[in-house]
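Enquirer: If you want the building blocks of each chain, they are given just below.
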Amino acid sequence: MEKAEKEAIRRVIAGDRDAYRVLMDRHYAAVFRISFRITGNEADAEEAAQESFLRAYNKLPEFRQDAAFGTWVTRIAMNTAMNLVERRNRDLSVYAPRVSDEVGEGTVQVASHRAGPERALLDMETATLRHAAMASLTPMERTAFTLRHMEEVGMAEIAEALGVPVNSAKQAVFRAVAKLRRALEPVAGGMR
Amino acid sequence: MKHYSEEDLIAYQMGESSEARSIGEHLEQCAECATLAESVAQTLRVFSAEPVPMRTPVDMDLSWQRLRGNLAVLEAAPKKKRWLSLWMWPAAGAFAAAVIMVAVGLRMHHVPNTGGAQETATQRASVTDALKSLVGRHQQAHPINGHGPLTDVPSDDPQISAHLDSAERLLTTVNHEEGPLDEATRAQAHDLLLKNAVYTQTARDRGDLAEAVVLDNLGRVLIGLDHAPETPKSTWQLRLEMNTDGLLLDLRVLRQNDEHGSSR
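Chains A and B supply the protein sequences, listed in that same order. Take the first sequence: its letter number 78 is residue 78 in my numbering, and every next letter is one higher. Take the second sequence: its letter number 217 is residue 217 in my numbering, and every next letter is one higher.
Do not take every clue at face value.
[What the hints assert, rightly or not] Derived, one-sided and incomplete: chain B residues facing chain A with beta-carbon distance under 8 Å:
1. A11
2. L67
3. V73
4. I100
5. K195
Because the hints were derived from the structure by calculation, they are not lab data. Think of the CB as a built atom: it goes at the ideal place given N, C-alpha and C, for glycine as much as any other residue.
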């Protein structure tokens, strides 16, 4: 771990809250990115990132400094974001509008700038299906899949962060891909 | 011809297969498996495209301000000291021997009094129980370091749990938004305010003071939201108040208590 981070941790533990900003500036973007991948929307990603940094802060006196702070807080984020997805899934009334909002805002970058109306419609349909497909995954499948495929995190690291054996993490990823493939079948012919 | 399963082909496309070479050779000869493998590859391509929103310096500042409001001042974990240094052992042994001798001497001169002895034993037991209870409370694992409500006992009432969840979401929304509150948020705050009064009283009646205190604080903020003037400054003050009081954090702790309680 870098000297500046070690020094920041020492100061935080000594009671200087503002020293935590050093760690946040360095790692917030990565934590937010992971959280966004898992939660799928910006507001929840921000909430998960906040909670992860808060948890890390409260556990800082117990943090073994032979490990990297960035790796540690990212692992906390993986778990926190997955728990948030579980919570949201329990409350579909909150989750459902968010999916449609996102699609409406055009956050999915599938459409081409020169797309005609038919193509744009198909892209919109694809985007809706994508979100619906992702929402159909269990939090574990969604987390394992996004980390492995979109963030290229190794299976061993994913398994450790989620507290499951490596084989379970692999199975979760494979199940996720199989579910997503089936969910996209209605438009797959049109995309070829 | 032996075909590969969908799972084998997914593992192959994701670079996780131990049979990559033989699957590759098979795909050159088997149209059926090649189609399935291409479908998997296409799925993976479709789910690779989503960009992550960039965090601007302004976003970072806002995130920091929000986080900082929830940070309690930490204290270093006490270093574990050796209970007694080696050179102190002989002195400790001599002291213990002296104490035993004095105790035995006093016992020899003591006139037994059965009733008094029983009373003293009862008193000692009650003092010990009280001390154990206090120490037990103090040693209870608390989820937040020096912050949050002083309880990790789940609420038995699912309606209160749902209320805490709704309140947390409302406050999170208010914390994220800028400018004056919209009508829907005000209406939600008003609705929660009415329910909150009932739940606060329920928690008090049940003797759950930690939860009652948090609900009381929540009520104060909800009153502010319900009556907030439509100026950007007023809601900003409320957000600041929520951050400094750590109310959101308290709500999360109570809700997590409930979650842990229900998963046990």
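Enquirer: Hint by hint, note whether the structure agrees.
Expert: Hint check results:
| no. | hint | verdict |
| --- | --- | --- |
| 1 | A11 | 7 Å, holds |
| 2 | L67 | 6 Å, holds |
| 3 | V73 | 5 Å, holds |
| 4 | I100 | 40 Å, violated |
| 5 | K195 | 17 Å, violated |
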